[in-house]
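The listed protein sequences derive, respectively, from chains A and B.
Numbering of the first sequence is given in numbering that gives the first Met the number 0, commencing with residue 0 and proceeding in unit increments.
Numbering of the second sequence is given in numbering that gives the first Met the number 0, commencing with residue 0 and proceeding in unit increments.
One or more of the hints may lead you astray.
To be verified - Distance windows between CB atoms, simulated:
| # | chain 1 | residue 1 | chain 2 | residue 2 | range |
| --- | --- | --- | --- | --- | --- |
| 1 | A | Thr-454 | B | Ile-166 | 27 to 35 Å |
| 2 | A | Gln-236 | B | His-138 | 16 to 24 Å |
| 3 | B | Thr-162 | A | Arg-423 | 13 to 21 Å |
| 4 | A | Leu-223 | B | His-138 | 51 to 59 Å |
As the list claims (entries may be wrong) - Cβ-to-Cβ under 8 Å is the rule here; a few derived chain B residues that face chain A:
| # | residue |
| --- | --- |
| 5 | Glu-29 |
| 6 | Phe-42 |
| 7 | Phe-49 |
| 8 | Leu-123 |
| 9 | Thr-152 |
| 10 | Trp-179 |
| 11 | Lys-186 |
Quick caveat, the hints were computed from the structure, so don't treat them as lab data.
Backbone N, C-alpha and C define an ideal beta-carbon position, used for all residues, glycine too.
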Amino acid sequence: MSAAEPSIEAADSSYPTLLTWLSTVDHKRIGILYLVASLWFFIQGGIESLVIRAQLWAPRAELVSPEVYNQVYTMHGTTMIFLVVMPMLLGFGNYMLPLMIGARDMAFPRLNALSFWLFFLGGSLLYFSFLTGHAPDVGWFAYAPLTSKAFSRNLGTDYWILGLLVSGIGTVGAGVNLITTTLSMRAPGMTIGKMPLFVWMLLFNAGLILFAFPPLTAAQAMLLLDRNIGTHFFEAQHGGMALLWQHLFWFFGHPEVYIMVLPAFGMVSEIVPVFSRKVIFGYESVAAATVAIAFISMGVWAHHMFAVGMSRWLDMFFSGASFLIAVPTGIKIFNWIATMYGGKLWFATPMLFVTGFIAMFVIGGLTGIILATVPVDLQVTDSYFVVAHFHYVLFGGSMFAIMGAFYYWYPKMTGRMMSERLGRWHFVLMMIGFNLAFFPMHIAGVLGMPRRVYTYSPGAGWTIWNQLSTAGAFVLLVAFVLFFVNLIMSYWRGRVAGNDPWDAWTLEWATTSPPASYNFEQIPIVRSRRPLWDLKHPEDPDWKHE
Amino acid sequence: MSDQSIDATTAAAGADDNAGSRSTGRRWTEPTFDRGRTGMACFLATEGVFFSTLILSYAIYIGQSKTGPTPREALSLPLVIGTSACLLSSSLTIIGAHRGLRRGNLRRFFVLLGSTMLLGALFLAGTSYEWWDLIVNKHLLPGTNLFGTTFYTLVGFHAFHVTMGIIAMAILLAVVARGWISQKNPKAVELVSWYWHLVDGVWVVIFTVVYVISR
Chain A
0 MSAAEPSIEA
10 ADSSYPTLLT
20 WLSTVDHKRI
30 GILYLVASLW
40 FFIQGGIESL
50 VIRAQLWAPR
60 AELVSPEVYN
70 QVYTMHGTTM
80 IFLVVMPMLL
90 GFGNYMLPLM
100 IGARDMAFPR
110 LNALSFWLFF
120 LGGSLLYFSF
130 LTGHAPDVGW
140 FAYAPLTSKA
150 FSRNLGTDYW
160 ILGLLVSGIG
170 TVGAGVNLIT
180 TTLSMRAPGM
190 TIGKMPLFVW
200 MLLFNAGLIL
210 FAFPPLTAAQ
220 AMLLLDRNIG
230 THFFEAQHGG
240 MALLWQHLFW
250 FFGHPEVYIM
260 VLPAFGMVSE
270 IVPVFSRKVI
280 FGYESVAAAT
290 VAIAFISMGV
300 WAHHMFAVGM
310 SRWLDMFFSG
320 ASFLIAVPTG
330 IKIFNWIATM
340 YGGKLWFATP
350 MLFVTGFIAM
360 FVIGGLTGII
370 LATVPVDLQV
380 TDSYFVVAHF
390 HYVLFGGSMF
400 AIMGAFYYWY
410 PKMTGRMMSE
420 RLGRWHFVLM
430 MIGFNLAFFP
440 MHIAGVLGMP
450 RRVYTYSPGA
460 GWTIWNQLST
470 AGAFVLLVAF
480 VLFFVNLIMS
490 YWRGRVAGND
500 PWDAWTLEWA
510 TTSPPASYNF
520 EQIPIVRSRR
530 PLWDLKHPED
540 PDWKHE
Chain B
0 MSDQSIDATT
10 AAAGADDNAG
20 SRSTGRRWTE
30 PTFDRGRTGM
40 ACFLATEGVF
50 FSTLILSYAI
60 YIGQSKTGPT
70 PREALSLPLV
80 IGTSACLLSS
90 SLTIIGAHRG
100 LRRGNLRRFF
110 VLLGSTMLLG
120 ALFLAGTSYE
130 WWDLIVNKHL
140 LPGTNLFGTT
150 FYTLVGFHAF
160 HVTMGIIAMA
170 ILLAVVARGW
180 ISQKNPKAVE
190 LVSWYWHLVD
200 GVWVVIFTVV
210 YVISR
């Protein structure tokens, strides 16, 4: 490891042109394409959130029209879920998974490229709807019968269906690829029980994709037929059931929540040990908790639907299952904290974000338990309390972990470190802005403010909470401007990272930064969960102790 | 990469283990996963879930139509028994085709794969006739009632998958004729046959639900 610091240009001597990026089948380039595309959509989804917050700054405001407001919050939710969080996780998965398991590429490189371009095409199709003047305006879960031709007369809903159908097929392709790569491409000696935890989480994440996306695809196909050739799947006047849409959508929608958070758990499980200078506490239980979460998450979907009035037994079942899923999730929290306990903590930016993740995710998890309680849910359903809850899980959870992952893996992807100073500012502002934006929503929700509402009256008592939220949103804007500046400037100005700037233990750090197109000159032979530790410390390798 | 021998390396690693190490005694040989087969199995799993959703939607709307025609009035059993026989027997012919190619018997491969395509095409022809009859004589359109809605969607998506299978087999015929696939690498044929078996298996469920239970 003590060889001369490698220069960045040494890794790849070919000159990248636009065409090489458009036609690439290299998992690393596709991973970067995923990340860049999702950052592009993140900017748009972020602007939409600022429009929402600005509109809600004052009671009876008319910054945008109600029609535009409906389009903006629909696109904000759809974008952040389908075009930002998921593809960011897939991007890191694409880039890191083959490196972590010691493979030269994904199992199906061309399918990989197809998956990315389908995702990008679907997202672009969705945003093209703005140019036609009719963006989707039915909410990200597009409840029937609001989506029927009678209530949604323009093409916005069709754009929503087609955009998500196309990008969904791409996601399924990525899921097939991740599973096959994990199962069939591991380096010699890397048994299932020696895989990095990020790989574990991606494997089960991909399994959830395979089982959760087809029902959405089928439901969207039905909706498309309802709207365009006059079928009656979701139309009550012909005997169809609007409730069927809710069941099919949430059968997808709840596993989707875990699709968006399991890889984030994986990132945390990679970053926490490295910055605590300890092996992960209870590797087996983290992996087992992942399996448990994946299975239970398929049986909790109707907790989104307590308010429609199902039978009491169904309510009890789905409520109980939702409580149950908190157990494996809690196990992981304990694992991470136990890993930190007694460790030699190093609060570099990735670790800051990961500790932020743990704190924020616990709050989101606790409000999740509150919402899984049927009587409470009936009181606060469809209120800003719910908005606060899922932002603590998806933003406080997934987004914090993803930001940690950017700071952690950027040196591997580009060969240069991101600025620590800007990173710390980014973290502090994001932490403040996030809590300022989303904590007051709990209170507004308990006070009765419904979600998706265009405006409110001055006497409702919600004004101050909305103004705090809006202020927080603009603090977040500053935080993310710093992030983007850091991301772009560090590409040219960052400190040269070397192969292994964090003194980490997984295989992606065993090769150059950025890795050559073939990843490894020699396929490594794995004998423990920390193969790079074994290489660095031949006198005390891990496999003697595992 | 796909033929890595994990057994050999774990055995080597095991030899160095300390006697007191926790891991001794619980080693097991991990199955090796073939790339093509694993990928195909994952893809077929998604297809299975997709069709389960459509079949479920059909099933919960059985008897919910507000107007006729009902499945009993509209669906003709003799025709569909004939087309089902075609489709199910094509699962056997594609197994034979794969076996023929593996043994280097190209004639057998071409004849049996051709018959598979023909049987699939007969199935589609039967479905087309059935739909023509339903539309023209029984006045059942997708928008007529819930039965029409769910029937055309379910059977239509299945027929689309049959069509895709026939196209895949046409591609197989072409690449085998060119010699790109032969006795040495017959896996593509095996994978297409897996897909074809899934399409057949789904049809068995559709037949039971649509033509037996709902009728």
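Hint check:
1. A/Thr-454 with B/Ile-166: 27 to 35 Å: violated, 54 Å
2. A/Gln-236 with B/His-138: 16 to 24 Å: Between A/Gln-236 and B/His-138, where Cβ atoms are some 20 Å apart, the hint holds.
3. B/Thr-162 with A/Arg-423: 13 to 21 Å: violated, 58 Å
4. A/Leu-223 with B/His-138: 51 to 59 Å: violated, 24 Å
5. Glu-29: Because about 5 Å separates B/Glu-29 from the closest Cβ in chain A, which is inside the 8 Å limit, the hint holds.
6. Phe-42: Holds: closest Cβ of chain A sits about 6 Å from B/Phe-42, inside 8 Å.
7. Phe-49: holds, 4 Å
8. Leu-123: violated, 20 Å
9. Thr-152: For B/Thr-152, the interface hint holds, since the closest Cβ of chain A sits about 6 Å away, which is under 8 Å.
10. Trp-179: violated, 16 Å
11. Lys-186: violated, 13 Å
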